[in-house]
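Peer 1: For the record, the sequence lines run as chains A and B.
For the first sequence, the working numbering begins at 1025 and goes up steadily by one.
For the second sequence, the working numbering begins at 1025 and goes up steadily by one.
Do not rely on the hints blindly, as some may be mistaken.
[Unchecked claim] A few chain A residues that face chain B, going by a derived Cβ cut-off under 8 Å, partial list only:
1) Ile1041
2) Leu1065
3) Val1071
4) Asp1103
[Claimed, not checked] To list a few chain A residues with every Cβ distance to chain B over 10 Å, as calculated:
5) Asp1090
6) Pro1117
7) Ile1127
8) Glu1129
9) Glu1153
10) Gly1228
11) Asp1248
12) Ala1250
13) Thr1271
14) Ile1275
It should be emphasised that the hints constitute simulated quantities derived from the structure, not laboratory data.
Predicted model, so just to flag it, every value in this text is computed and none were measured.
Think of the CB as a built atom: it goes at the ideal place given N, C-alpha and C, for glycine as much as any other residue.
Number of protein chains: 2
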Amino acid sequence: MTDRIYTAGLVVIGDEILSGRTHDKNIAQVASWLQVQGIRLSEVRVVPDVIERIVEAVNALREAYDYLFTTGGIGPTHDDITVDAVSQALGVPVIIHPEARAILEKYYADKGGLTEGRLRMARVPDGAELIPNRMSGAPGIRIGNIHLMAGVPHITAGMLDALTGSLEGGAPLISETVGGFIPESEVSILLRDVENAYENCQIGSYPFFRDGRVGSNFVVRSTDRAELDKCLKTLCEGLTEAGFDFTHGGI
Amino acid sequence: MTDRIYTAGLVVIGDEILSGRTHDKNIAQVASWLQVQGIRLSEVRVVPDVIERIVEAVNALREAYDYLFTTGGIGPTHDDITVDAVSQALGVPVIIHPEARAILEKYYADKGGLTEGRLRMARVPDGAELIPNRMSGAPGIRIGNIHLMAGVPHITAGMLDALTGSLEGGAPLISETVGGFIPESEVSILLRDVENAYENCQIGSYPFFRDGRVGSNFVVRSTDRAELDKCLKTLCEGLTEAGFDFTHGGI
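Please build the complete structure, drawing on both the sequences and the hints.
Peer 2: Okay, structure coming up:
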């Protein structure tokens, strides 16, 4: 663990997200996984299946952050162009990865064999390593600080699992939540003052409406456990003084 | 209706999305709504509650697309800084909007009155108009081509509803879906060839795993109904020739 903050960007690739047809699940999944690795997700861009747009987003985010993840566009069809885009961004050719080819040959041996479409999934930017995929054969791809993951969420989950512990991270961001049927507008000054009193803590306020009642969850975040506990205690005292009931862990 | 394609960008603002704590619902919601308005969502950026990062994303996307939408950061608390960021991006001061103040005074009359925190929700970039919010008082904000919406999805929904029909759009992108227990890797060449044969159509392939079986939905998109129907017919003939069963509307 170090004091350095490690950051990541995520590029979500796919017309299906931008059309509203598919509800993205990978942003939250990648974000949660990164937290545990001690890496902070700092920006997400969702871009269409257009090579220039993917190249632009990949170049912007791979330079701005320690790590870059992409989801989507590594399957067997004509709209799967992430490998081409990342190769172009890095200025390297696309090659057939021999190990990926072997994995796919084995996976498809009793499923009709390695067709032209399926062979597309062995294509990688020259110099890449593979990220294992126990779910469906076709591997993810790692090159430099870029990690190309599947778009289908449960396959992405398997690839993230395979990467667990392999990336250098810092102190994980930890958080504590208190929540209640408290209108955030009635405690906004308290939240601001408590946050200002603790330099290494941030407080997020997340309102909700439930059973016809207004409430909020307040999330205190820090990389420092002692500071977090002190900040949480001050916040709870303030809420009690203001006459509010609340529950640790949020509601 | 015109042949011009209208485009939009979306900036999703909030640490809670980047931490994985909150699963975003606004991308799909805004995307679907824009489709009906004849406007294409072309890019999404998710950024943290950091003013410089919001300013940067707002300036990039408001210039690149016809419309810009933002979600999140317009509530009463210290982490609600979207109005400040958009004002800075546009180089205009933040003012208290008299109509917004009147709306909030009325809304909070029997809820403890207009506190300092609540008054924050009447702040707008100078020159802005309001977007009605029938759910919870605090209005959305429209200035130039920028639309500032709430982060809580059902409030966003109300604001989008209030905007329905007020933005100039083009021909809506229409789509037809066929799907079946068809591995996309077995029809990838067919999909590519059919798409290439119809210039005004795109075909998206969306694999799934269900009940232990592999399948795909194929979505044909176009702004031209006649072309879409022809393209769909060719695709269905190809799938039938290849020996696959499929269902119109997808599965």
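Peer 1: Each hint should be assessed against the structure and marked as holding or not.
Peer 2: Now the hints, each set against the structure:
1. Ile1041: This hint holds: A/Ile1041 lies near chain B, its Cβ roughly 7 Å from the closest one there, short of 8 Å.
2. Leu1065: Hint holds; A/Leu1065 Cβ to chain B Cβ min 5 Å, cut 8 Å.
3. Val1071: holds, 6 Å
4. Asp1103: holds, 6 Å
5. Asp1090: holds, 15 Å
6. Pro1117: Nearest chain B Cβ is 21 Å from A/Pro1117, so the label holds.
7. Ile1127: holds, 14 Å
8. Glu1129: holds, 13 Å
9. Glu1153: holds, 23 Å
10. Gly1228: Label violated. Min Cβ-Cβ 6 Å, cutoff 10 Å.
11. Asp1248: holds, 17 Å
12. Ala1250: holds, 21 Å
13. Thr1271: holds, 16 Å
14. Ile1275: Fine: 14 Å to the nearest Cβ keeps A/Ile1275 off the interface.
Violated hint: 10 only; the structure is consistent with all others.
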